[in-house]
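Trainee: Chains H and U, in that order, give the protein sequences.
Read left to right, the first sequence gives residues 115 to 450 (this note's numbering).
Read left to right, the second sequence gives residues 115 to 450 (this note's numbering).
The set of hints was computed from the structure by calculation and includes no laboratory data.
Each hint should be verified, as a subset may be incorrect.
[To be verified] Partial list, derived from the structure: chain H residues whose beta carbon lies under 7 angstroms from chain U:
id	residue
1	S268
2	Y270
3	P312
4	I344
5	S360
6	R411
7	D415
8	S417
Values in this document were obtained by computation on a predicted structure and should not be read as measured data.
Where is the CB? At the ideal position from N, CA and C, for every residue including glycine.
Protein chains: 2
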Amino acid sequence: MAAGYRVAVVGATGAVGQEILLILKERGFPVAELAVLADESWDGKQIGFGDEQLTVHTAVPESFQKIDIAFFATSGPVSETLVPEAVKRGAVAIDNSSSFRLKPDVPLVVPEVNPQDVAWQKGIIANPNCSTILFVVPIKPLHDAAHIRRAVVSTYQAVSGAGREAIDELLLQTRQVLDGEAISPRSFPYQIAFNLIPHIDVFGENGYTREEMKMVWETQKILHDPEIRISATTVRVPVFRSHSESVNIETERKLTPDAARRLLAQAPGVVVQDDPASLQYPLPLMASNHDEVFVGRIREDLSSELGLNLWLAGDQLRKGAATNAVQIAELLAGRS
Amino acid sequence: MAAGYRVAVVGATGAVGQEILLILKERGFPVAELAVLADESWDGKQIGFGDEQLTVHTAVPESFQKIDIAFFATSGPVSETLVPEAVKRGAVAIDNSSSFRLKPDVPLVVPEVNPQDVAWQKGIIANPNCSTILFVVPIKPLHDAAHIRRAVVSTYQAVSGAGREAIDELLLQTRQVLDGEAISPRSFPYQIAFNLIPHIDVFGENGYTREEMKMVWETQKILHDPEIRISATTVRVPVFRSHSESVNIETERKLTPDAARRLLAQAPGVVVQDDPASLQYPLPLMASNHDEVFVGRIREDLSSELGLNLWLAGDQLRKGAATNAVQIAELLAGRS
Numbered sequence: 115m116a117a118g119y120r121v122a123v124v125g126a127t128g129a130v131g132q133e134i135l136l137i138l139k140e141r142g143f144p145v146a147e148l149a150v151l152a153d154e155s156w157d158g159k160q161i162g163f164g165d166e167q168l169t170v171h172t173a174v175p176e177s178f179q180k181i182d183i184a185f186f187a188t189s190g191p192v193s194e195t196l197v198p199e200a201v202k203r204g205a206v207a208i209d210n211s212s213s214f215r216l217k218p219d220v221p222l223v224v225p226e227v228n229p230q231d232v233a234w235q236k237g238i239i240a241n242p243n244c245s246t247i248l249f250v251v252p253i254k255p256l257h258d259a260a261h262i263r264r265a266v267v268s269t270y271q272a273v274s275g276a277g278r279e280a281i282d283e284l285l286l287q288t289r290q291v292l293d294g295e296a297i298s299p300r301s302f303p304y305q306i307a308f309n310l311i312p313h314i315d316v317f318g319e320n321g322y323t324r325e326e327m328k329m330v331w332e333t334q335k336i337l338h339d340p341e342i343r344i345s346a347t348t349v350r351v352p353v354f355r356s357h358s359e360s361v362n363i364e365t366e367r368k369l370t371p372d373a374a375r376r377l378l379a380q381a382p383g384v385v386v387q388d389d390p391a392s393l394q395y396p397l398p399l400m401a402s403n404h405d406e407v408f409v410g411r412i413r414e415d416l417s418s419e420l421g422l423n424l425w426l427a428g429d430q431l432r433k434g435a436a437t438n439a440v441q442i443a444e445l446l447a448g449r450s
Numbered sequence: 115m116a117a118g119y120r121v122a123v124v125g126a127t128g129a130v131g132q133e134i135l136l137i138l139k140e141r142g143f144p145v146a147e148l149a150v151l152a153d154e155s156w157d158g159k160q161i162g163f164g165d166e167q168l169t170v171h172t173a174v175p176e177s178f179q180k181i182d183i184a185f186f187a188t189s190g191p192v193s194e195t196l197v198p199e200a201v202k203r204g205a206v207a208i209d210n211s212s213s214f215r216l217k218p219d220v221p222l223v224v225p226e227v228n229p230q231d232v233a234w235q236k237g238i239i240a241n242p243n244c245s246t247i248l249f250v251v252p253i254k255p256l257h258d259a260a261h262i263r264r265a266v267v268s269t270y271q272a273v274s275g276a277g278r279e280a281i282d283e284l285l286l287q288t289r290q291v292l293d294g295e296a297i298s299p300r301s302f303p304y305q306i307a308f309n310l311i312p313h314i315d316v317f318g319e320n321g322y323t324r325e326e327m328k329m330v331w332e333t334q335k336i337l338h339d340p341e342i343r344i345s346a347t348t349v350r351v352p353v354f355r356s357h358s359e360s361v362n363i364e365t366e367r368k369l370t371p372d373a374a375r376r377l378l379a380q381a382p383g384v385v386v387q388d389d390p391a392s393l394q395y396p397l398p399l400m401a402s403n404h405d406e407v408f409v410g411r412i413r414e415d416l417s418s419e420l421g422l423n424l425w426l427a428g429d430q431l432r433k434g435a436a437t438n439a440v441q442i443a444e445l446l447a448g449r450s
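Can you make the complete structure from the sequences, with help from the hints?
Mentor: Next comes the structure, spelled out in structure tokens:
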């Protein structure tokens, strides 16, 4: 592997798969060979990788015969079938689905937060949920400094979190509303254009959606802190790209807004954008196509002595998915 | 006044003024005479009131000579100038601006919550901020039953809260984005189409916007509870009409989701829309053109023993402004 790694991207034609290809190129990941894989409907089609054109092949178990690192930008069922096949053939799978995230023998990694967990991988490393990644990157340094006991989070999630069809659907519905035409929702249960939907992924017994529970379970696993308590409300908004989150934390030790700003200014992967006087605060539109999590509106919680409010925005296709996956590969390659 | 009241609507041509006219008609408020007033740019123009056409006149102190009830759907400075003139001439002013809301001799009224406060009016009754009204209507019965100590609220506010120009601006910007044209924000500091802006009204010293502080101060006044602690983050979203709010409350006594649902089902002005299995939860699109506050996603807070989460949506031009003002007039008229 002197010249680099034999890499596969499964789901290469989807929203996250496309970003992974882009980011591999952008960050100069040492790719010796690259297999772009998707379901059979794409077999033989061409997709771009920088200046090259690559032929898409159908992802089958044999696809992973000579692969070192396999990125899975696939749904749960596809990952469940193919990830073990890749591992069996000697590849390390970096999986973006939720299927393996909570398995005790699978590290769940955000490189700025718990890079050390890559060391105990046994063939699979899980990439966390997008909202969780954007949340834990700025939360980690605050947790280290003041110990977060509880967080109340409300999200504002872009449609691209639901894939390419969802982006097309927001575009189509928006035109239909402007033209006074009827709307037939497909990717979402209701119209998303000029509307909000407080429902992402399926509902569980306790009234929470799985998206909300992912924020609870995955944050606890990434931070190695089963005691950190989280209450999440996840909401889809008519934004194409980048998720935002309104975050309220309560800490064990007092953390002033100034101290939080100082900690965040030094934190890897975070950009503090917090100057109301000059209208500086994170906006999803500005966060798009960046790898950092933007944090602002940092202020003392008026309802709790040990509380702090903040607002964040981050590109969930990049840091919330593809960039995080490529960063994990960089850890494997000993490049970061 | 046997045949009814001599009514003035000031700011009759704006988004809220138009709603007030509509709702006076809709609810059959006993109007004997109606003066529709605006700034001089509208003088002599015609606007509709049911089947009638009314001539707009410039609002001046003398406009209130023979008026019983004057609705002010005007900005702070206009209200500050004209409300005292109306009162001096014997009218009761129902003011939608924030100028008088916190004055100790001015009741701040949400008819479902504190109708009794109309009794001590001295000529001015203030109509609360839209986000506050939508918040306190469902919060009141829960507060009565279990005593709310603390609430953390994140809002998702429609552009129409910023007036008619803001509605036009979202429409224009949306077309410009779809057509790939450049955008020049006017009503908002940044592009609002397909974006979010975590900034409504001006910033204060403590890092909170005035919109956020209104939720704190006005809720305490309406509930007659200076001890209730509130932490608010207010965010503009690309929705035309109806605000939504993600609300986390902590109570003194345990309140189960079922108990909360039962209380809310009986509460005036509230519709419980809470059945995840059949995808029933409040949506701003569905709340529009209704007078009730829709409440759902009621669930135990996983981060606090005495916590509860809920999600609400309500038409901020109607219940959040115009309907509430007309309901106050109904209280004055002894009609409710």
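Trainee: For every hint, state whether the structure bears it out.
Mentor: Hint by hint, here is what the structure shows:
no., hint, verdict
1, S268, "holds, 4 angstroms"
2, Y270, "holds, 6 angstroms"
3, P312, "holds, 5 angstroms"
4, I344, "holds, 6 angstroms"
5, S360, "holds, 4 angstroms"
6, R411, "holds, 6 angstroms"
7, D415, "holds, 5 angstroms"
8, S417, "holds, 4 angstroms"
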